[in-house]
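Undergrad: For what it's worth, my numbering labels the leading residue of the first sequence as 10, then goes sequentially.
Please keep in mind that the hints were generated in silico from the structure rather than gathered at the bench.
Among these hints, one or two may not hold up.
[Said to hold, decoys possible] Label-pair restraints from in silico Cβ distances:
id, residue 1, residue 2, range
1, V78, R11, 52 to 60 angstroms
2, V402, Q331, 48 to 56 angstroms
3, K322, S236, 23 to 31 angstroms
4, P282, G529, 53 to 61 angstroms
Think of the CB as a built atom: it goes at the ideal place given N, C-alpha and C, for glycine as much as any other residue.
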Amino acid sequence: MRATEFLLTTEKETPADAVVVSHKLMLRAGLIRKLAAGLYTWMPIGLLSLRKVEAVVREEMNKAGAQEVLMPAVQPAELWEETGRWFKYGGELLRVKDRHNRDFCIGPTHEEVITDLARTQLTSYKQLPVNLYQIQTKFRDETRPRFGVMRAREFIMKDAYSFHGNQESLEETYQKMHQAYCNIFNRLGLDFRPVMADTGSIGGAKSHEFQVLANSGEDDIVFSNSSDYAANIELAEALAPAGARPAPAQALSKVATPNAQSIEDVAAFLKVPASQVLKAIVVRGADDEGKSAAPVVFFLRGDHELNEVKAEKTPGVASPLQFASEEEIIALGGVAGFVGPKGLKAKVYVDRAAAHMADFVCGANEKGAHLTGGNWERDFALGEIRDLRNVVVGDPSPDGKGTLDIKRGIEVGHIFQLGTKYSEAMKATVLDENGKAKTLIMGCYGIGVSRVVAAAIEQNHDDNGIIWPNSMAPFHVGIVPMGYGKSEAVTQAADALYAELKAAGIEVYFDDRDKKTSPGVKFADMELIGIPHRVVVSDRGIEAGTVEYTARRDGVKAEVARQDILSFLQAKVQC
RNA sequence: CGGGGUAUAGCGCAGUCUGGUAGCGCGUCUGGUUUGGGACCAGGAUGUCGGGAGUUCGAAUCUCUCUACCCCGACCA
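Model the full assembly from the supplied sequences, consistent with the hints where possible.
TA: Structure, rendered in C-alpha cells:
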C-alpha cells in the first residue's frame, strides 16, 4: 500500500480522554475513531490488524473441528423469555421494538439463538458432537464503557457453542477448545495464562478464562509459584490457617473509640495491626426465590477483603451483593461502624482466617466503642465458617504446592461447560440410541476479538508507539525512501523494491509521500503504527548496493545487500 | 446507578473570575527554501464558543435548563 493512496491520519498529541496506553496509541496511530461512548469506527489500518486476529481465530477453530455460522445480531424477546434472561440480564441487554411493537434485543451473546437452532436442526445423537461458531458484532450496554475498544459497548466476538450427548463428549471438546485457544494466543504472540474462573451470568459448571498479562488489566489473577495452579481471584480458594486457634490470653474489655470506625482508624487508635481487628460486613439477604430476607453478617480479618463472588454464593445472601443500610444494621442489634459479634441477631458467617483469630478487637455494637481481647467461643458464638475472602500474595496455594502471587490480566477468552442450562429451558433434545429424547449438553467458548487487538498493544509498545508482532501487523514491512520524488535514483529504486516485495506476497507499506514530508515525520509515523520491519532506500545505499533494515522491536539495524533483501525480509516475516 | 469533572476550529488548549462581538500551538491548503529523526519563510481557509431559554444596549463569559463526554466505585469478551 502506498501512503499517498491510504487513508491514515496519525496524531502527534494524545487525545485527552484516553487513559490506558493501548487506547492512546490506537487513537494516535489512527486505528480507531470514536463515534460515541463505547462505539468505535475501525479505520483501514486498524481493520487490517483486526482481520489478522479474526483469521488466526478462524483457522484454529476450523482446525479444531468447529464449523462457522453467522447468526442475526437482532434477536426476538421470546427466546430470552424462554430462558428467563429477558428479565435477569438487566440493563446491559439493549432492548428495542420493531414497527409492530414487538420486543427484540441486540445480541450480547447467542446462547438462546444457537439453542433454538440446535433444537430444530439437531434431531439424532448421530449428529453429535457438533461445534458451531461465529465472528460477529455484539452489543452490551456497559454501565461504564472505558479504555477504548478494551471495554466497548459494541465489539467483535468469536463465540462458539458445542452440543453433546454426554459429559465425556463435552469434556473432550472443552479440552480441544482449551488447546485451540492456547494455539490462537500463542500464534498472536501474547503473554497469556489460562486460569480457572467463575461462570458468572452465563452459567454452567466448569470454566477457564484466558488472561493476557498486563498491568492495565481489570482482573486479578492468582498463580502458584511452584505449580501450574492459576485462577481468577474471584475463584481462588483461601485455605484455612494451619494449626489450632491460639488460646485466649487477654480478658474481654470495652474501650471507647469515639472517632474510630474504619479498620485503619481503630487499628491506629488502639495501636494494633489491622490483622488483629475483626471486620464486619453486613449485606442484604434473600431467600431461595430471590425475595428479600433478613441481612447476613460476614466477619473477616481486618486486613482481608471480602470476595464478592464468594459472598454472593453464600446461602441467604442477595445477588447482586448489596450492603445493608444503617437502619437494617440497627435492627440486628448493631451500630454502623461498630458492628461486632456480641449479641448480634443475624445469620453470621466467619471467614476461615477470621475464625482463627484470638484476643482480637471488634465492634461493641455501641456507638463509639470497641471490645478488645475478644475470643471466639469464650466470648462470642462462632458462626458458620466459610471461605469468604480474596487471597493475598503469599497465601498458600489451594493445591498445596507453594505460595500465591497475584498479577493483573485482561480477559480475552472464556470457555464454559454449560451443561443443560439452556437446552433444558428451551427443550433442545435429540433421540438417543433407544429412540428416547435426551437433553443436549452444551459448552460455549468466547474470544473478544477486538479486545485482543488492544491487549496486544498493551503488551507490545514503547515510547514511540506500537510494536506489532508479525501475526497482527497491518503491514509486515515499511519502506522509507530518503528523498522520494527528488532523487531520481531513490524514486526508481524505491518503486522497484515496493513492486518486488508486493509481488512476493509481502504486505508492505510504502511511504511515498514526496519531499515535503521530512524523513523524521516518516520514521515517527512508521514507528507509531508499529510496522515490525523497516527498510530505508537512500542514495547512499544505492551507491553501496545496500538497503538499511531496522527491526521495530529492538531497533537493531543491518545493511543488507540489495539483491538479498527479499529473502532477508521473507525470513523475518516468517518468524 | 451513585459521586466528581469537562464541553471553545480536525487534535491539544487559552480566554469565563472582572460581559464589549474569539485566540494560540499542531494539523490542513497555496507558493518558495530545505532534506537521515516530528524543518523554515510568506500567505490562506476552517468556529451556530454542546443545545435551548433568560438577564443585559451587548453573553464564550452571568442565571436556569437539557444533552453529550470523561474519571472514581458494583459487571464482562
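Undergrad: It remains to establish, for every hint, whether it holds in the given structure.
TA: Hint check results:
Hint check: V78 to R11, Cβ distance near 38 angstroms, so the stated range 52 to 60 angstroms is violated. For V402 and Q331, the hinted distance range of 48 to 56 angstroms is not satisfied, since their beta carbons lie about 29 angstroms from each other. A hinted range of 23 to 31 angstroms holds for the C-beta pair K322 and S236, which are about 25 angstroms apart. One distance hint, 53 to 61 angstroms for the beta-carbon pair P282 and G529, holds here, with the actual separation near 57 angstroms.
Of the numbered hints listed earlier, those contradicted by the structure are 1, 2.
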